[in-house]
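Please dock the two separately framed chains into a single complex, following the hints provided.
Top line first, the protein sequences correspond to chains A and B. For what it's worth, the working numbering labels the leading residue of the first sequence as 1, then goes sequentially. For what it's worth, the working numbering labels the leading residue of the second sequence as 1001, then goes sequentially.
Hints are not guaranteed to be accurate.
[Claimed, not checked] Only pairs whose alpha carbons sit at most 27 Å apart, straight line, appear in this in silico DSS-like list of lysine-lysine:
#, chain 1, residue 1, chain 2, residue 2
1, A, Lys215, B, Lys1231
2, B, Lys1033, A, Lys290
3, B, Lys1304, A, Lys283
4, B, Lys1169, A, Lys290
5, B, Lys1193, A, Lys290
6, B, Lys1358, B, Lys1282
7, B, Lys1196, B, Lys1132
8, B, Lys1196, A, Lys223
[Said to hold, decoys possible] If you want the ones that stay clear, here's a sample from chain B, every Cβ over 10 Å from chain A, calculated:
#, residue
9, Gln1037
10, Lys1070
11, Lys1092
12, Pro1110
13, His1160
14, Arg1164
15, Asn1181
16, Lys1282
17, Arg1305
18, Ile1367
Honestly, the hints are just simulated from the structure, not real lab data. Since we're looking at a predicted model, the values are computed, not measured. We treat Cβ as the ideally placed atom computed from N, Cα and C, and that holds for glycine.
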Amino acid sequence: MFALLLAAALPTLLWDRGPETSEALKAAAIPCIAATENVAKAWSGAGFCVTVVGSEELEKVPPPGVKWTTRDIGTASATRAPWVDSNGWRFLRHSERKYVYELSKGTAPLAAAEAFAFGVDALVRAEPEDLKPLGSILAFLKNAEDVSKLTPAANIAVIDTGSPLIPEVVNLMVRRNLLCRVVRAPDPSADLNVRIGSPEFPEAEAANPVAVADKARSLLTDKKRFLRIFGTEVVIGRLYMGEGRARIHLLNYGRDNVEGVRVLVRGSYGDVRLAAFGYPGAKPEDLVIKNGVTEFTVPHVGVYAIVDLKIR
Amino acid sequence: MKRRTFLQVSGAATLASAAEPTIPDYEIVTSFKPSRQPGMPGLYPGQVVSVHADKCIDPETEKVDAPTVKEMISGGMRSLTRAKTDADAWRKFFTSSDVVGIKANCSGAPGAMSMPDVIAEIARNLIAIGLKPEQIYVWERSQLPRAGYENYVPKGVQLHTAGRATDPKTYVECNFFGEENTRSNMVALITEKLTKIINVPNMKDHGAAGVTGCLKNIAYGSFDNVARSHKGVKTNTLSFIGTLAAVEPIRSRTVLNIMDGLRGVWHGGPFSRTRKFRFYPKEMMFGTDPVAMDRLLLDIIDNKRKAEGAVSVWHHDMKHVQPGPLYADDPNIDRFLREPGHIEYAARKFGLGVYDIKKIKLKRIEI
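So here's chain B without its partners, still in its complex pose (with noise of 0.2 Å):
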């Protein structure tokens, strides 16, 4: 490690609109009780810890170099929990009794996503301190086959696809367009199996949401019969994502964020079906609050597409949307109205944690 610093961020938080936006009507369906300290914000709120290494992933081949990104995690995990060793690191969030929920984010996969060598190393340091490799679990809604995880994890370790196995006793209740299926259920696996969650998204732009990073992995990829939030240009992404991820037990049992910046997207996203609007901030981004590592991702994702000369993703601005497949090429063009308000919004109505930028603590780690 070169340095170590703590910087008080500076910058003007912007705020989605002017006006406040209808919000839907939710009926939240939940027995589940949060717990006395929900892993949301959880233990370190408004703190983030950024460590970048320049040689964790090659450029050109997309080749990631495994003893870094091992390096990044010790690196992050001491430094976030103040601890000496790796094990007291991990031992402030699980014990060996725990049964341990990684969300990857493979949506655009394989050209982007929570990468292989970092699930791989997250499941490493669980068993380290304990815990049995059938006692974690991989999952994500769908997509799962596309990451390629089962040639990095330990053996043992489950890779899950929820697809349709949802708990038909914990979901939200909207009815956003009229569409018939007016629920989103809790994936079974979170309601039933596991004790704590490890949410692990990939630093990237959304075309509905603005990005998809803490809130949005953990939101949408904890629930079915999300997408129907989104018709035509407009999303319902403000208030839905928040809306999810406050939904206990995910509330209580996300206790740890990891984000995956060692490859990105800043245009298309949450898909990367073309390499020019991939980059590399070789980083990696480690916290319990969603909503301040949301909060410095949009930075990350804005100041790039500025950059490069394309929109913000602050833009509502109708001649920037259009419906079709030309956003896929063009770095202008957006398919909905962008919704980055969605972070604000979580810390605002749900408390998920700190958005003011004034307010949050980062330090940065360079390896």
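The shape of chain A in the complex, shown without the other chains (with noise of 0.2 Å):
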């Protein structure tokens, strides 16, 4: 049922400017950088742990975000369709490599935040103007309570057969929050596995990626999922799970902040916490656990969001 365990790193700043900026990194809060062979040398005995990255190793990926789109269906006010830009299909078909995000103004805790979620290794190119809140968002993962033993739950195993058409497919998952993990071989411990070219997924349909998660979901039944989120199209959960406890990351990639998040997870979970970034000292709202499963209301969810849940 849970994919191998992994431990989340906290993400570093690949920084390629020299000590003269240690001023600015101070002031951020972020003692720790990542900097070519050259960059590195120059900050010896500047007061910062720097780890030496040779850029061959670095996936490069996108900045995470959304783009909206008109959905004008004659309802009595225009909605628009939000297209949420997430790594997370990149990291769940490789979780071994190491990841740079190249990264526009504004979205260096999103990133930061999404690398931890997915628990991979990644450097964070950012701009000075984002030094900020970088500091700010990896300070907040720092305090986070190491909960490396929980592992990621997913019950659709993706059997990525090199198919052109699974990173798609795997990002339309990671989307609708329906938790899956890639696998090379058919998984008998999963709830459902998708093989595109099956009978139930014919390699024709699988033209349009919608199309399979929307079977995919309908298989499995929404009642068999980990995880749900309502009241927003825009935040993405990730869940980890093991001895009676469980996390659960919410990362907002809209640009603003969503207000009434209502989680749903599977399982009895007396004791919810919540850390919202940038919400110090919020609670999570209307508990309800009845017939197996935990609801409960995140008031705000900035950028990012952890929540610690412990069977009691």
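Right, here's the structure in full:
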């Protein structure tokens, strides 16, 4: 049922400027950087921990975020449909790789949180004006309780046959909070195996990844989903579970804070604790535990929030 | 008042279609219990009072004559309740300790909406029987600022845009088209503050529901995430409207319906982007039975459409259905296959009122 254990590493700032910028880094409370060998040498003795990286080992990923498109269906108020740009599908396919975010202004906190939530080793190349927000989120992530014994929860196995359709299929699964893992062969422990080319998922139909995600959801049924998120189309969740505990990462890909996110997680967790970035002291609201399911409301999701749950 | 007559309206009820369509699976989650006398169909099932006043609105300027509106509401309420005074009529439904929500309809504002003079007069009547203005909320899901109620209602009456302030524990869950957010949560104002609701729809055509009257206004206006029930040309308004309207505490707390037909929309609703589809019934309907009132509205809208040479709200012919903006200009084009059968469905499935027009007692008043 669960994939291999993944320790959530803290992302690191990839910095190609010299020690003349040390004050800016100190002001942002960023004590560690990654740099190429030449730059790293210049930083020796500057009081920072510096990791040397070679660019050849890094896979570049774009900034996470959301694009909005108009959806006019003649309803009383105009609606806009979000297209979430998440790197989750990349991370699920190749969690062993090292990534580097090439970021646009304002996206550093979400990028750092995304890498942390998916448990991948990532560097973040940020603009100088993003140092403070990046430093803030890194401090927030560092303070999160270590739950590295928990494992990613996913009851859909997507069989990576090498088909060029797979990336977009996994992308759609991630965007719809259909918790999946990518495997090389059918996984009997999964509640649903998605194999492009099988009778359930014929190649011709798979040309439309939306249809694959819809079919997977329909076959799995919502009742069997480990995690559901209501009240927003731009928050993606990651769930880790084990030993009577669980952690939910909530990543807000939208530009604005989201109010009143309702979260459903399978399992009866009497102890629910919230850490919402930008909202110190926020608490989960309207907790309901019923029929083996726990529900609660996260009053505000800025860029990111962590919910830690325990069976009491 | 020139005349009062009770009419037994005749005419054959029209059914949505011969074949019963597939109804989605709904899960209703609410902890609220029905009251001993649920507001719908309420104290006067199957009874409707219609008040017509020629001078209530000037069709040229669309200026409303407030004294006439006051007289219409007074006559309608006293006739419905058989009370001698306005205060006695309103006390049939409300006490001074109630917190009352007035559910306006502003989705077509400013061209089509529950008129500010109507809303203000309702609020004044509530204050007259002892409610403080602060105990009165005029609410809408959105679009409230476009209606300008603040310039009409007594000082202290609260204007409330529900937005996303909903109750996480009271909802209807249904997967219509594979949408991820399958819940429509009830507006928190209803579950947390209101003890009674006055439903004030506007007489309008509706491209998806057929017409938008009492049921549509209280159903779609009391929950979030309802637009998901339409996709392509298909709409689930047939079953969704009644399902939502029957959820407690809405069903119990909606004790009075006042349909504003001073100005209406006979095509293009719920919007009113062009004046050419507006008309002026100069009428208001009063009742507790939303089904009976909506059944009458169906004929009002359909008769007007026939008079204008437009296809009936009952058509299910794809040649009149085209996605895109054409509907906004052509009264023979719709964006959805309309579901006016939602009214009959709400009566049959939930007992929300009397649909058979032969059994509806309509009292007409002319001012």
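Do the hints match the structure? See the list:
1. A:Lys215 / B:Lys1231: holds, 18 Å
2. B:Lys1033 / A:Lys290: Holds, at about 19 Å.
3. B:Lys1304 / A:Lys283: violated, 55 Å
4. B:Lys1169 / A:Lys290: holds, 12 Å
5. B:Lys1193 / A:Lys290: With a Cα-Cα distance of about 26 Å, the restraint between Lys1193 (chain B) and Lys290 (chain A) holds, given a limit of 27 Å.
6. B:Lys1358 / B:Lys1282: With Cα atoms ~24 Å apart, Lys1358 (chain B) and Lys1282 (chain B) stay inside 27 Å; holds.
7. B:Lys1196 / B:Lys1132: Judged against 27 Å, a Cα distance of about 14 Å means the pair holds.
8. B:Lys1196 / A:Lys223: violated, 35 Å
9. Gln1037: holds, 30 Å
10. Lys1070: Lys1070 (chain B) clear of chain A: closest Cβ-Cβ about 29 Å, beyond 10 Å.
11. Lys1092: Non-interface label stands for Lys1092 (chain B): nearest chain A Cβ at 32 Å, farther than 10 Å.
12. Pro1110: Non-interface label stands for Pro1110 (chain B): nearest chain A Cβ at 14 Å, farther than 10 Å.
13. His1160: holds, 16 Å
14. Arg1164: Since the minimum Cβ distance to chain A is about 6 Å, Arg1164 (chain B) lies within 10 Å and the statement is violated.
15. Asn1181: violated, 5 Å
16. Lys1282: The claim stands: Lys1282 (chain B) keeps its Cβ more than 10 Å from every Cβ of chain A (closest is about 25 Å).
17. Arg1305: At about 18 Å from chain A, Arg1305 (chain B) clears the 10 Å cut-off, so the statement holds.
18. Ile1367: holds, 32 Å
Hint check: violations occur at hints 3, 8, 14, 15; the rest are consistent with the structure.
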